[in-house]
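Enquirer: Using the hints provided, position chain L relative to the given structure of chain W.
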Amino acid sequence: MRIPRLLQATLVLVGVYFGFIVVFDYILEAVIPRSLLTMYMFFVTAGVFMVFTYDEDQMRELAAPIKAMVEDPSKRGVRNVVFLLIPLLVGYGVYDKTMPSFDAPVELRTIHPAPPSTAKIYGERVNLLTLENPFRHYETEDPEQFAEYVEEGAAVYIENCQYCHGDKLDGKGPYAEGLNPTPLNFQDIGTIAQLQESYLYWRITTGGPGLPKEAAPWISSMPVWQNFLTEEEIWKVILFLYDYTGHAPRSWGAANASH
Amino acid sequence: MKGTGSLRNVSNKLIYGLFITLVIGLVSVFGGADLFAAYAAGTEAAADAASTGGYGPAPVTTAADYPSYAGVNGRLAIWIFAQLHLWFAAFVLAVPIFVFIIEVIGMRTRDKRYDDMAYEFIKVSITAYSLTAILGGLLLFSLILFYPDLFSYLSVIFGESMFYYALLFFGESAVLYLYYYGWHWLQGGLKKWIHLTLGLTLNAVGTTLMLLANAWLTFMMSPAGVDPAGVFSGDTWAAIHNFLWNPINIHRFVANIAYGGSIVGAYAAFKFLTARNDQEKAHYDWMGYNANFIAICALLPLPFAGYYLAAEIYAYSQQMGITLMGGIFAWLFIIQAVLIGTLFLSANYYLWCGMGRSDGAKRYTKYIKYIAIVLVGAFLVWFTPHTLVLTNSELKSLGGPHHSILGPLGIMPAKNTAVNIMITFTFLSFLFYRRSNKVATVSWEKTGNIIQVALFSAGIVNILFLGIYHGYFTNTVYKVAASIPQVMTTFTVIVGSLILDSFIYRGAKDVGPLHWGRIPDRAQYALFLLAVAFTWLMGLMGYIRSGIRQHWHVVDIMRDNSPDAYTPTLGYAANVVSIATIMFLAMVIFVFWIAQVSTKKSLPAGYWKE
Chain W
-5 MRIPRLLQAT LVLVGVYFGF IVVFDYILEA VIPRSLLTMY MFFVTAGVFM
45 VFTYDEDQMR ELAAPIKAMV EDPSKRGVRN VVFLLIPLLV GYGVYDKTMP
95 SFDAPVELRT IHPAPPSTAK IYGERVNLLT LENPFRHYET EDPEQFAEYV
145 EEGAAVYIEN CQYCHGDKLD GKGPYAEGLN PTPLNFQDIG TIAQLQESYL
195 YWRITTGGPG LPKEAAPWIS SMPVWQNFLT EEEIWKVILF LYDYTGHAPR
245 SWGAANASH
Chain L
3 MKGTGSLRNV SNKLIYGLFI TLVIGLVSVF GGADLFAAYA AGTEAAADAA
53 STGGYGPAPV TTAADYPSYA GVNGRLAIWI FAQLHLWFAA FVLAVPIFVF
103 IIEVIGMRTR DKRYDDMAYE FIKVSITAYS LTAILGGLLL FSLILFYPDL
153 FSYLSVIFGE SMFYYALLFF GESAVLYLYY YGWHWLQGGL KKWIHLTLGL
203 TLNAVGTTLM LLANAWLTFM MSPAGVDPAG VFSGDTWAAI HNFLWNPINI
253 HRFVANIAYG GSIVGAYAAF KFLTARNDQE KAHYDWMGYN ANFIAICALL
303 PLPFAGYYLA AEIYAYSQQM GITLMGGIFA WLFIIQAVLI GTLFLSANYY
353 LWCGMGRSDG AKRYTKYIKY IAIVLVGAFL VWFTPHTLVL TNSELKSLGG
403 PHHSILGPLG IMPAKNTAVN IMITFTFLSF LFYRRSNKVA TVSWEKTGNI
453 IQVALFSAGI VNILFLGIYH GYFTNTVYKV AASIPQVMTT FTVIVGSLIL
503 DSFIYRGAKD VGPLHWGRIP DRAQYALFLL AVAFTWLMGL MGYIRSGIRQ
553 HWHVVDIMRD NSPDAYTPTL GYAANVVSIA TIMFLAMVIF VFWIAQVSTK
603 KSLPAGYWKE
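Protein chains in written order, with my numbering: chain W, -5 to 253; chain L, 3 to 612.
Among the hints, erroneous ones may be present.
[As the list claims (entries may be wrong)] Below, a list of computed lysine-lysine pairs in the BS3-like style, where the Cα atoms sit at most 25 Å apart:
hint: 1; chain 1: L; residue 1: 194; chain 2: W; residue 2: 91
hint: 2; chain 1: L; residue 1: 194; chain 2: L; residue 2: 125
hint: 3; chain 1: L; residue 1: 364; chain 2: L; residue 2: 448
hint: 4; chain 1: L; residue 1: 448; chain 2: L; residue 2: 398
hint: 5; chain 1: L; residue 1: 283; chain 2: L; residue 2: 125
hint: 6; chain 1: L; residue 1: 283; chain 2: L; residue 2: 194
hint: 7; chain 1: W; residue 1: 207; chain 2: W; residue 2: 91
hint: 8; chain 1: W; residue 1: 162; chain 2: L; residue 2: 398
hint: 9; chain 1: L; residue 1: 398; chain 2: W; residue 2: 166
[As the list claims (entries may be wrong)] Beta-carbon label-pair distances, calculated as ranges:
hint: 10; chain 1: W; residue 1: 172; chain 2: L; residue 2: 580; range: 38 to 48 Å
hint: 11; chain 1: L; residue 1: 376; chain 2: W; residue 2: 137; range: 21 to 31 Å
hint: 12; chain 1: W; residue 1: 172; chain 2: L; residue 2: 231; range: 45 to 55 Å
hint: 13; chain 1: L; residue 1: 455; chain 2: W; residue 2: 168; range: 52 to 62 Å
hint: 14; chain 1: W; residue 1: 121; chain 2: L; residue 2: 179; range: 45 to 55 Å
hint: 15; chain 1: L; residue 1: 376; chain 2: W; residue 2: 139; range: 49 to 59 Å
hint: 16; chain 1: W; residue 1: 139; chain 2: L; residue 2: 553; range: 36 to 46 Å
hint: 17; chain 1: L; residue 1: 58; chain 2: W; residue 2: 110; range: 23 to 33 Å
hint: 18; chain 1: L; residue 1: 553; chain 2: W; residue 2: 11; range: 52 to 62 Å
hint: 19; chain 1: W; residue 1: 86; chain 2: L; residue 2: 113; range: 56 to 66 Å
hint: 20; chain 1: L; residue 1: 509; chain 2: W; residue 2: 57; range: 51 to 61 Å
hint: 21; chain 1: L; residue 1: 169; chain 2: W; residue 2: 51; range: 57 to 67 Å
hint: 22; chain 1: L; residue 1: 487; chain 2: W; residue 2: 168; range: 16 to 26 Å
hint: 23; chain 1: L; residue 1: 187; chain 2: W; residue 2: 0; range: 27 to 37 Å
No wet-lab data here; the hints were simulated from the structure.
All C-beta atoms in this analysis are idealised placements derived from N, C-alpha and C, irrespective of residue type, glycine included.
Chain L with its partners taken away, still in its complex shape:
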């Protein structure tokens, strides 16, 4: 008994330790401000000491200051390396987040399948981790070689944080290897707690790394802590905590999870299609479902995080805002809208196909066509451009470029309304999927369903009212502000409905066992499409985010005077992003393959001495 008591003591201490780690983790994730404040205090003191002395203005460069090596175009090289590095980094930062969550679920439910799945996910990310580091190195060397003045200017401001970044990266590697290689060793009881603590630490360190790197790139867009000539005040915290830092942090954190989910979903699809027996098929179908679930969970709030970022860019600079959405990059935004719509459509299609796993799904499949009509309708509004491509005869017929019906669909209130509707109906698909194998046993099922229908109807009416009234009949302050209650309405519908559903289906009977693996191959291609669309989307939007700086390395502070200081044509940019996407996907296929190779064994007869 004593032994058990002391074990409980140790266990309590570990829980306490875990709690503390969790708090630190959450602070670093959501309240990076506080974490960095301590760091800032040190740098402020340094600032006082320096009292602006020692820091020069931003370098003024000429074309001769941008060396060329082996005939390689510096901008193109950096563009591709940065993009490839970012894709892998997003993936390897995201995977540990949901691996940790899945591991916790496994520990709580004591269902080993979750633990095995979490391990398989992290296994995929290990090779990707090495590639992230290699590509990061390539990016760094390219930056030093091709843009030496910019790099030295940034290192004056962020030198300290760069040093900590390198140390953190070292720490990240150590924790990741312990977490991965110790997976089977640290199993059961206390050891599992230690393993989970490692997982949490891994996430805290990884997210802090991302926050630091985000500070450098957002400084280039919305510089802070420097005077108009670029003279550094010495306050590193001010430079880190610049205007666009937190909007990017939030957007990237959410997007990384959605992206990571989509990539492991593609892995599961790959394994499903190459499975040799029904058992393997069932396993990878289940894995694909979970990966898609993670991707959708993060995808639902993503448009709001994106809208917040764009609104903040607009608020920071009208010029950057208009370049982004009304000027030259507006056409890439149409492609972005199409790709986001594709994400929603493929995620829904996968859910609908997945309903075939249950024998009770027929009760709900009759509604799918209506969901599809709403989704496609909202999608059409979502990508209707503000500036229409008109032939001369159309221009003549309309009496000008303004279209009285389609014109109003080109601005943000229509887009926000459409995306909220798309999210609400995607959730409805999920709700039907969830219900498809269950039969409620509570007496008030009908009343519960009526309340749920009322909740959805009221939510949709409110979303439409906010979008139409505030979007078109008030000024821009209310127009932008109305997006918040719209989002809140969508979340209220989702959360309210989930709570209600959990009560309706408390103690529900299963229609029968779920037939994992009973899903058409087409659904696996929907998972591939999800991963490809995400990758492409990130590439395009990353280019736009960077491109809105136009001819500035650091906006309004340090001018880009290289021969490449021009905005390339949209076609050229789209080609570069597309080629980079293909390169990344080829590397990802390599990662999938190598994860398989590690499990293969061959026994060459007669090769080894007996």
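Chain W extracted, bound-state conformation:
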């Protein structure tokens, strides 16, 4: 028996919707955000509509049951049920969306806020657009010395940073669970691999309180490390972060490419 096209289209949509939930929430165990799922489903619906309607005959076949339901006198019972159900569903949707909840409102937090062009660090105004790691050049010029600096950076990291950012730099340190937002996972390709070293320097030295307005200052428990570490120690920690994770800082010339 051939499945009517309207039912085919509905089954595809329902299948895709639950497919996303089953794959993400249960198989991969990484829940799919409902806001994203809504966006996904909007365009999946558009795609299904396109495939089912580009041809005039197919369109007629798709619309036939709806047309019959509205116009055919023998379908009066179904019509009444559908016409009652649709407003009820819409009403429930409105109720569900507007009902106050005890959940804290969703925040659109900017994880990578834009850095200012200059910042006051260690009492001096630093140009973040041109600032470079003073130890980076050792990577090509004196690899042994570079390895030593990385080692020193690792020691600073273990003493100060790993409690939150983790000994594997994956943001899962012993204190991580108690923090919101959780500490950054440096292994993630979307974090330090996308940034220049000067950005890290700015974030580490000025910490949560130094975040600009768009990222809501203070909504981060990152300490202001310029109060506790020296400038050199911070640059060495940055060397270690990239070295351990295997990422390279964002740069613009092939000369800086090390991988």
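Expert: Structure of chain L alone, referenced to chain W:
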């Protein structure tokens, strides 16, 4: 015979003249650097003479330096006027480009339908041209009134180019009117060549105008030719040829063509839906198809031009780059991604609907659902945001804002891969459309098809490999650089496939006549959607481009100290852009209507003396 010989001579001279004009045109379009170099030589001499004397630093303003008139918000007024001016300017610059190409096609094929269509396109742009000028005037006056210090600073640096701009605008008008009003007069033989030369000149002048205006706005983003205090060195060429000038030039040139195609496509759709008979329907269906074809041709390379521009902005300033794509404007980029996806989906839908014109299309329609699955899949990757909107329970369940599966889809390598796949499959839709009414007669058709499948498969594997390996397992230098071979792969697939297809279908038989006009009305709404999505997209992206300057009139040189020197909320910005979009579309509907009115005649009985 002598007469014919001299005619040929004149014709040769004209071809030569045309060639020279073409070279000048191309230089002004693609190598503006050389054209302006001559101009620069003059300004350098002036610079020496001035030797920094006479130029002061950028003005330091206070809130009192920004006058208010009639309670109008200056920023809002300029925002809307600039946006409306830009939309019309993009349209009137683009239309002559493809009108010229269509006219050439008409002349070569001697098919008058092309000539008529080209004329109809330019007719639509004539009213739009007046509106462009009026809105440009409004923008200029608003700038002088509301931001006098900024305008006077810019006019110190660009005074000369502003003067040439005004002269060029005058020239543009003269050539446009000659081109349009002389259309039916300059027909056939030599006259047609003269008309084509006018078309080429029109394009060269129009594009030069755009290049000049682009220099002013890119100077505000990446100033050059001035010292850190804003003191002008006197070298106008340096100020024009600033860091972001060429990336914007390329992006705008390509985007304008796509945009112009989409607007005339909407015009054809409007005429199709209001057509009174099958003949009119067939004509406007054909016109809509051609307009959509132009829009798609320019749409395919557009994401690369956009990526190049964004990469250059990032390279120029980390701060501007992050503000653009990782900071506050990142959410508008999600809307941008959605709108770009909408463009691709509606362009494909129009092609699929258009397959109904041919009786032989059934052989290919079975593949459409697979193309749709790939397109939608790539589209979902394309707009997956880097920063997810998570409820508290989702945040808890994931153990933080990082999503191990969706997180990697939020960065550029995934987007580049997705868009290359979308482009490749949009081209596949076009290929099927092209084939739908043909039956190949060559003996090696099957082998040719196998080679084509292999080309597509190898291309897709390469795009995925470059995106995944270089995007996620190397550093940013290779990551950004990998986008180039990805693009080259896509173009190789497109060009290689087109060449192969032309050989396979050489001497092919037609299944039957194409039934122009046999297309559902729904397809016309896809053309409307294309135009609306383009307009909205340009408005949003234009705002972002301008907004990343934040509190600077001229980045790091001249600070904006007006009461409006703050970045508005995303909702406010989106509302302004949306209202401006509605205003523009209302004006466009007026333009469409007025183009129709000119052909209407009424004969009031008994009004005139017999």
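Enquirer: State for each hint whether it applies.
Expert: Against the structure, the hints come out as follows:
1. L:194 with W:91: Status violated; Cα separation ~65 Å.
2. L:194 with L:125: Since the Cα atoms of residue 194 of chain L and residue 125 of chain L sit roughly 18 Å apart, the hinted pair holds (cutoff 25 Å).
3. L:364 with L:448: holds, 19 Å
4. L:448 with L:398: violated, 56 Å
5. L:283 with L:125: holds, 19 Å
6. L:283 with L:194: Violated - the C-alpha atoms of residue 194 of chain L and residue 283 of chain L are around 29 Å apart, more than 25 Å.
7. W:207 with W:91: Not satisfied, since the Cα-Cα distance of roughly 29 Å exceeds 25 Å.
8. W:162 with L:398: holds, 21 Å
9. L:398 with W:166: Holds, because 14 Å separates the two Cα atoms, which is no more than 25 Å.
10. W:172 with L:580: 38 to 48 Å: With Cβ atoms ~43 Å apart, the hint holds.
11. L:376 with W:137: 21 to 31 Å: violated, 46 Å
12. W:172 with L:231: 45 to 55 Å: Holds, since residue 172 of chain W and residue 231 of chain L (Cβ atoms, about 49 Å apart) stay within the stated range.
13. L:455 with W:168: 52 to 62 Å: holds, 55 Å
14. W:121 with L:179: 45 to 55 Å: holds, 52 Å
15. L:376 with W:139: 49 to 59 Å: The hint (49 to 59 Å, Cβ to Cβ) holds, given that residue 376 of chain L and residue 139 of chain W are roughly 51 Å apart.
16. W:139 with L:553: 36 to 46 Å: At roughly 42 Å between Cβ atoms, residue 553 of chain L and residue 139 of chain W fall inside 36 to 46 Å, so the hint holds.
17. L:58 with W:110: 23 to 33 Å: holds, 27 Å
18. L:553 with W:11: 52 to 62 Å: Violated - the Cβ-Cβ distance for residue 553 of chain L and residue 11 of chain W, about 45 Å, lies outside 52 to 62 Å.
19. W:86 with L:113: 56 to 66 Å: holds, 59 Å
20. L:509 with W:57: 51 to 61 Å: violated, 42 Å
21. L:169 with W:51: 57 to 67 Å: Distance hint for residue 169 of chain L, residue 51 of chain W holds at roughly 59 Å.
22. L:487 with W:168: 16 to 26 Å: For residue 168 of chain W against residue 487 of chain L, whose Cβ atoms are near 44 Å apart, the range 16 to 26 Å is violated.
23. L:187 with W:0: 27 to 37 Å: About 57 Å separates the Cβ atoms of residue 187 of chain L and residue 0 of chain W, which means 27 to 37 Å is violated.
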